[in-house]
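**Student:** Residue strings, one per chain:
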Amino acid sequence: MTDAARDVGTAGEVIELEIPARAEFVALARLVVSALAASDSNLADERVDDLKLAVSEACTNAIEAHGAAGSSERVLVRCKTGSEALEVCVEDRGHGFDPAGLPDHPPVTDPDRLKFERGLGIPLIKALVDEVEFSPTADGTSVRLVMRHGVNGSEPS
Amino acid sequence: MELGLDVEERDGFAVLSVRGEVDVYTAPHFRERLIELVSEGKHKIIVDLEGVDFLDSTGLGVLVGGLKRLRSHDGDLLLVCTQSRILKVFEITGLTKVFSIHDSVDAAVGGGSDGGSAT
Numbered sequence: 017m018t019d020a021a022r023d024v025g026t027a028g029e030v031i032e033l034e035i036p037a038r039a040e041f042v043a044l045a046r047l048v049v050s051a052l053a054a055s056d057s058n059l060a061d062e063r064v065d066d067l068k069l070a071v072s073e074a075c076t077n078a079i080e081a082h083g084a085a086g087s088s089e090r091v092l093v094r095c096k097t098g099s100e101a102l103e104v105c106v107e108d109r110g111h112g113f114d115p116a117g118l119p120d121h122p123p124v125t126d127p128d129r130l131k132f133e134r135g136l137g138i139p140l141i142k143a144l145v146d147e148v149e150f151s152p153t154a155d156g157t158s159v160r161l162v163m164r165h166g167v168n169g170s171e172p173s
Numbered sequence: 135m136e137l138g139l140d141v142e143e144r145d146g147f148a149v150l151s152v153r154g155e156v157d158v159y160t161a162p163h164f165r166e167r168l169i170e171l172v173s174e175g176k177h178k179i180i181v182d183l184e185g186v187d188f189l190d191s192t193g194l195g196v197l198v199g200g201l202k203r204l205r206s207h208d209g210d211l212l213l214v215c216t217q218s219r220i221l222k223v224f225e226i227t228g229l230t231k232v233f234s235i236h237d238s239v240d241a242a243v244g245g246g247s248d249g250g251s252a253t
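In order, the protein sequences belong to chains Y and R. First residue of the first sequence: 17, per our numbering; consecutive thereafter. First residue of the second sequence: 135, per our numbering; consecutive thereafter.
In case anyone wonders, no lab produced these hints; they're calculated from the structure. Quick reminder that beta carbons are idealized off the backbone N, C-alpha and C, glycines included. Treat the hints with caution; some may be incorrect.
Unchecked claim - Sample of chain R residues at the chain Y side, in silico, Cβ under 10 Å: (1) L194; (2) S218; (3) T227.
If we strip away everything but chain Y, and leave its shape as in the complex, we get (with noise of 0.2 Å):
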């Protein structure tokens, strides 16, 4: 936390949106995220679509977390404005999951791909924004999601 400044640059506003667990209120954190962005004349639209991209799949994953723990608590979005970036949180309160635990997908051209309907969302998340970083907190996940000025939009490989 006491690097997230730094982390900006100067440090602008920060934003906070808390959103209901649900599924209908996922479109609401994009809609903020994505004006915000936009507002921000040193991200490309290129970016600001990566952005609102990632955010939708952190929202959704923290849902999902949600739903899994039973929890009724908010989902919290985050945004923090500076000089050099801007930082996006998701923080749920589910029961928290372990990134480095998620399977590998088999290649493409394996038939057996077809099997892996889920575990799409944190690999788009990963090649979507500049920087992405899952800590536990006391009582679930934050996601932290940052889209640096002056980097060129990502190439799909």
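Since the structure of chain Y is provided, determine the placement of chain R on it from the hints.
**Tutor:** What follows is chain R alone, placed relative to chain Y:
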């Protein structure tokens, strides 16, 4: 926020045109409609994503599930998509190699699994 899901017949294909945002909230409707089509005996399905404004991994999951279901019936699921921000989601996840993606419904109908690929 409602997802638009319109179906029309084209040369032996059922064309499912999706409009709106496909996410964790709307994906179940999309999944149900696909499953409905398969159970009606439509085993050659084209999913037209040109009207989709947003698609995340839950939408990808529906498409992967649909493809799997159709292949088990010796059918196929073709995609129509030219929007770079939507194609990017398929590219990052490697699913461009799993799906046959076309520039238009015409190209999908004419090209089967091999021709008219957008990528």
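**Student:** Look at each hint and say if it fits the structure.
**Tutor:** Status of the hints after comparison with the structure:
Of the supplied interface hints, the one on R/L194 holds, with its beta-carbon coming within about 5 Å of a beta-carbon of chain Y, less than 10 Å. The interface hint given for R/S218 is met, as the beta carbon of that residue sits about 8 Å from the closest beta carbon of chain Y, less than 10 Å. The criterion of a C-beta within 10 Å of any C-beta in chain Y is met by R/T227, whose closest approach is roughly 5 Å, and the hint holds.
Taken one by one, the earlier hints all hold for this structure without exception.
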